[in-house]
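Asks: Start from the sequences, fold in the hints, and give me the full structure.
Letter by letter, the chains look like this.
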Amino acid sequence: MATAPELLPYHQIREDLFRPLSRVSRRYLFVTLIAFIVGTAGLVAWGFQLRRGMGVTGLQRPVFWGVYIVDFVFWIGISHAGTLISAILRLTDAAWRKPVTRAAEAITVFALMIGAMFPIIHLGRAWLFYWLLPYPNSRLIWPNFRSPLLWDLTAIVTYVTGSIIYLYLPLIPDLAQLAAHNTPWRRRLYRALALGWTGSDREWHALERAMKLMACIILAVAVSVHTVVAWDFAMAVAPMWHSTIFGPYFVTGAIFSGIAALVLAMAIIRKVLRLEVYLTKHHFDRLAKLLLLMSLLWLYFTLAENLTVWYGNDPKEMAVFGARTRAHYAPYFWTMMFLNFAVPFVLLGIRRLRTITSATVASVSVLIGMWLERFVIVVPTLANPRLSSASSFYTPTWIEAAITAATFAAMAMLYMIFAKLFPIIAVWEFKPHPQEDD
Amino acid sequence: MEHRWGMAIDLDRCTGCEACVVACHAENNLPVSTPEQAAQGRTAHWIRVDRYYEGEFPDVKVKHMPVLCQHCDDAPCEPVCPVYATYHNAEGLNVQVYNRCVGTFYCANNCPYTVRYFNWFAPEWPEPLPLQHNPDVAVRPAGVMEKCTFCIQRIKRTKENAAQEGRPLADGDVLPACVQSCPAEAMVFGDLNDPESKVSRLAQHGRASRLLEELGTKPKVFYLQKVK
Amino acid sequence: MYLIGEFKEKDAVAAAIRRLRASGIAPADLDVFSEEPVEFPRGVLDRPSRMSLASVSGAMLFGSLATAFIWWAQHNYSLVTGGMPVFSFWATGVITFEMTMLGAIMACFGWFLWESGLVRKRDRTAPVPEVDPGSMCLRVRCRGNDAAQAIDAMRTAGAIGVQRRGEA
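Chains as they are written, first to last, in my numbering: chain A, 1 to 438; chain B, 1 to 228; chain C, 1 to 168.
The reader is advised that the hints may include incorrect statements.
[As the list claims (entries may be wrong)] Pair by pair, the computed Cβ-Cβ distance ranges are:
1) Asn137/A x Gly55/B: 21 to 29 Å
2) Leu140/A x Ala68/C: 18 to 26 Å
3) Ala68/C x Phe393/A: 42 to 50 Å
4) Pro315/A x Gly55/B: 14 to 22 Å
5) Tyr168/A x Gly166/C: 28 to 36 Å
6) Phe408/A x Ala68/C: 41 to 49 Å
Hints listed in this document are in silico derivations from the structure and should not be mistaken for laboratory results.
Because the structure is a prediction, the values reported are computed rather than measured.
Quick reminder that beta carbons are idealized off the backbone N, C-alpha and C, glycines included.
Replies: So this is what it looks like as structure tokens:
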């Protein structure tokens, strides 16, 4: 389907999409500075935690996993943005995905890198994190592969490798075009990364085949990664964690928060880089409908989980359920329900209200809601163990808040650097093929 | 034959005096907590006494239940440790290897009895308590998980002594600190593989049951109480 | 020597390729340069690929290697945990799956680098045309005495310009 930007002349498209790479505005520097400050604060907080011990957090027996694990699941969830948009829509040949794929794939790579930091940050002796890796050592021991944390490790390593390759492959043709850029160090960078791409049909065929294969593989990996993260909880015998629904539940939640992150990122890119012609109301409309669909699917899984627990009336599980819905964690739970379902349903379900602004508002709402969802899954269960003499509460401290904020700053910074070095919309994919039948 | 260490605790004898808790602290170099730390849930008591209240004043009944690591045969804490810091040894003990622990907390989350404790900070003792440390037991650094070991240092020491004296271990030779210190003699420790030992006979008793047995963890601490 | 023909229409390129192949020029001597991928009908300029096979083989190989390694490592350092067996396929099956996928990813990427020619030893003498946006360039390698026929074939098919490069 031909939308307006594809009728623009080629040189105009190239100019529009390459323009952000050549200038650094004052606003960009300002935002980078803020991100740097917040990021540094987080690093200082982490340094303090490493020095003093995990006691500087709000963690206490029996809540041994808190904000860091919530952040971990949250960021890994956001990384499913790229996979859904890029892979599934590529496999189904949906044309509207074209301006959106690289932005989505970039979110995936950076969210994964950030998410993968948290299994290290949350460790009691974080400097020994490499003991989880299987390498021949002087202690003559191997890690315990039965542990879901080792499954996490392999899943995330695979997904990071796959998504970096999946981001890099379609970047190669654009890099070859950029290799004529005027700054010398950039020319060298682009030329090195472009691997001498000439645009011959052999190269194109190989690239398209590889992209198709990678789309299938990355889809399987993405589903498995968040399932494995879910199984960190589901494999435990803790009440309301030991649930068979967690695998699909978390994958759905991941795709849900991933799309929200993508809509937010796209709205910002559109405004800041002045790409209104390329990221149109049409794209946001489609994404908004997907977001609404995922909201309903997420609601279905949430209802299924909570209803079965409530109806089953197991005392240990009901203690957690009561904590979540009526007692201490009720504010978080019901805010989550409002932000994840009520807000998107109204803003995106009513056609008159479905605009780019409302889609962005709904996305921010969903992102906050999904963070709360992870919190409501992790903490109430731990705070209400089977032997109730050990129950307690959990209040995060400024250290955890600083590190969490720093990860958002890091994401912003990584993304901004990426958008300055590479065109955020894939130029070659976006231009219609020569004489493509529309 | 290998030993298989187990414990029996008679809840009808337990008075809730917590001598076992104090003895465990003294034997195993457990840190002392301040009231603020206790309010924050940062105390570490490898054995704790849970109190269950029934009825209203003045007809209140209290049950005291010392809860310690159950050394489960199918321990849920063991398979989830990614670095093998906790595993099951040949004598049926759930062993905690402090040097290997990286602090993933998974074992503590998976323990249904919540008997695992973490070193949130480097432990401190007000003077002159450091003079009282037990040289047979390590002082754990910050970032490491710990729990009741059935006083493995006493088991080892007693086995070595018996071997030196050239005699087999007798029932009642090995006494963990809690068992040794109980004034009501409510706790019994011994070899479950020896059918004549006191703990084996108590384990078969009609009053014996285990905590959270339905989870299939196969705990080795038997609680004796009048069945209602 | 090399001939470079510039075309504006995809069908023109296809026609030119058909004529050139009819006159005896091998597909290995033909290259089409463009800024976007160009789809030709089947039979015009097929490039057979083994990428799926390579990917699947890489996947199977790596997955098996990883599982074998786990089996060996669990036996090399065998500790009892939670009553589970020393090696249980299902307890580590997730890792088998992930390593299979990683094998597929690496094989796919590696094969792409090879099949595209990006990491192979390049023929530095072969000229790379500067392609204008919207055009396609067809590069033909032929001997000097075949050049005239080839140029004629391309012009008839609809080339807007043909250049000669290199020695005969």
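Asks: Are the hints correct? Go through all of them and say.
Replies: Right, here's what the structure says about each hint:
Separation of Asn137/A from Gly55/B is about 58 Å and departs from the stated range, judged on CB atoms against 21 to 29 Å. Between Leu140/A and Ala68/C the beta carbons are some 19 Å apart, a value that agrees with the proposed interval 18 to 26 Å. A C-beta distance of roughly 47 Å is found between Ala68/C and Phe393/A, which places it inside the suggested range of 42 to 50 Å. Distance hint for Pro315/A and Gly55/B: a CB-CB separation of about 20 Å, consistent with the stated range 14 to 22 Å.
Taken as a hint, the range 28 to 36 Å holds for the pair Tyr168/A and Gly166/C, whose Cβ atoms sit roughly 33 Å apart. Taking the beta carbon of each, Phe408/A and Ala68/C are about 42 Å apart, inside 41 to 49 Å as hinted.
When each numbered hint is compared with the structure, a violation occurs for hint 1 only.
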